[in-house]
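Asker: Read off the chains here:
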Amino acid sequence: DTGVSQNPRHKITKRGQNVTFRCDPISEHNRLYWYRQTLGQGPEFLTYFQNEAQLEKSRLLSDRFSAERPKGSFSTLEIQRTEQGDSAMYLCASSFFGEDYEQYFGPGTRLTVT
Amino acid sequence: RKEVEQDPGPFNVPEGATVAFNCTYSNSASQSFFWYRQDCRKEPKLLMSVYSSGNEDGRFTAQLNRASQYISLLIRDSKLSDSATYLCVVNSGGGFKTIFGAGTRLFVKA
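Sequences listed follow chains S and E, in order.
Adding 18 to a residue's 1-based position in the first sequence gives its number in this note's numbering.
Adding 1381 to a residue's 1-based position in the second sequence gives its number in this note's numbering.
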């Protein structure tokens, strides 16, 4: 399968715990995006990488959130000290460089904070 | 005002109907535009890009009006399998600033 993959697909955690999600983009794609989606809303942009450089972060991304993309391949999104409001679907997408290049999404990681 | 606004829906239509979705965006510097489809509890999938000249893909037609900052999607001869949420997407800032609308839910009934 050459699409975007994400792991884990589901995560249930207790408030205050740290969680880490992984995204493996389509191998030729040099741009990688993270989004958060809650019920009834469209995906909200969190952050974006071009190769290994994190070039933009949304104001939605509090200090508890950090993302990395070492070597410009896979990416991780870590949430520290989770809160119930962090419960959402976390989506990763990848694309080629350029505004006309479409983004392809992974299946997402559904986070539930209890 | 939201940066990208879509018809709130839901739309309930019979099979074979023609249905149109509308989307407006606030950033006049926006550069590229897309429609995505999202099935329940699945990831968004690209339906089509939207070009200034308009584009058509089978039963689907997308239009862009830059002057009015308006995008539309027309679905002809609706199928049961078209039931999904349709997301309007606008890119700016060299492509990385991607804003999704909240989506419009479509139900096609037999």
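Calculated from the structure, these hints are not laboratory results.
Mixed in with the good hints there might be a few duds.
To be verified - Okay, the calculated bits of chain S under chain E, using three or more residues with CB under 8 Å as the criterion:
{"hint": "1", "stretch": "45-59"}
{"hint": "2", "stretch": "84-98"}
{"hint": "3", "stretch": "119-131"}
Claimed, not checked - Restraint-style ranges between C-beta atoms, simulated for each label pair:
{"hint": "4", "chain 1": "S", "residue 1": "Asn69", "chain 2": "E", "residue 2": "Arg1422", "range": "41 to 51 Å"}
{"hint": "5", "chain 1": "S", "residue 1": "Arg128", "chain 2": "E", "residue 2": "Leu1461", "range": "25 to 35 Å"}
{"hint": "6", "chain 1": "E", "residue 1": "Ser1433", "chain 2": "S", "residue 2": "Thr132", "range": "45 to 55 Å"}
{"hint": "7", "chain 1": "E", "residue 1": "Asp1420", "chain 2": "S", "residue 2": "Asn48", "range": "37 to 47 Å"}
{"hint": "8", "chain 1": "E", "residue 1": "Arg1440", "chain 2": "S", "residue 2": "Leu57", "range": "40 to 50 Å"}
{"hint": "9", "chain 1": "S", "residue 1": "Lys32", "chain 2": "E", "residue 2": "Tyr1432", "range": "17 to 27 Å"}
{"hint": "10", "chain 1": "S", "residue 1": "Thr132", "chain 2": "E", "residue 2": "Glu1396", "range": "23 to 33 Å"}
{"hint": "11", "chain 1": "S", "residue 1": "Asn48", "chain 2": "E", "residue 2": "Asp1438", "range": "40 to 50 Å"}
{"hint": "12", "chain 1": "E", "residue 1": "Asp1438", "chain 2": "S", "residue 2": "Lys32", "range": "27 to 37 Å"}
We treat Cβ as the ideally placed atom computed from N, Cα and C, and that holds for glycine.
Asker: Decide, hint by hint, whether the structure agrees.
Answerer: Cross-check of the supplied hints:
no.: 1; hint: 45-59; result: holds (count 5)
no.: 2; hint: 84-98; result: violated (count 0)
no.: 3; hint: 119-131; result: holds (count 8)
no.: 4; hint: S:Asn69 - E:Arg1422: 41 to 51 Å; result: violated (32 Å)
no.: 5; hint: S:Arg128 - E:Leu1461: 25 to 35 Å; result: holds (26 Å)
no.: 6; hint: E:Ser1433 - S:Thr132: 45 to 55 Å; result: holds (48 Å)
no.: 7; hint: E:Asp1420 - S:Asn48: 37 to 47 Å; result: violated (28 Å)
no.: 8; hint: E:Arg1440 - S:Leu57: 40 to 50 Å; result: violated (29 Å)
no.: 9; hint: S:Lys32 - E:Tyr1432: 17 to 27 Å; result: violated (48 Å)
no.: 10; hint: S:Thr132 - E:Glu1396: 23 to 33 Å; result: violated (42 Å)
no.: 11; hint: S:Asn48 - E:Asp1438: 40 to 50 Å; result: violated (27 Å)
no.: 12; hint: E:Asp1438 - S:Lys32: 27 to 37 Å; result: violated (46 Å)
Of the numbered hints given earlier, the model fails hints 2, 4, 7, 8, 9, 10, 11 and 12; all others are met.
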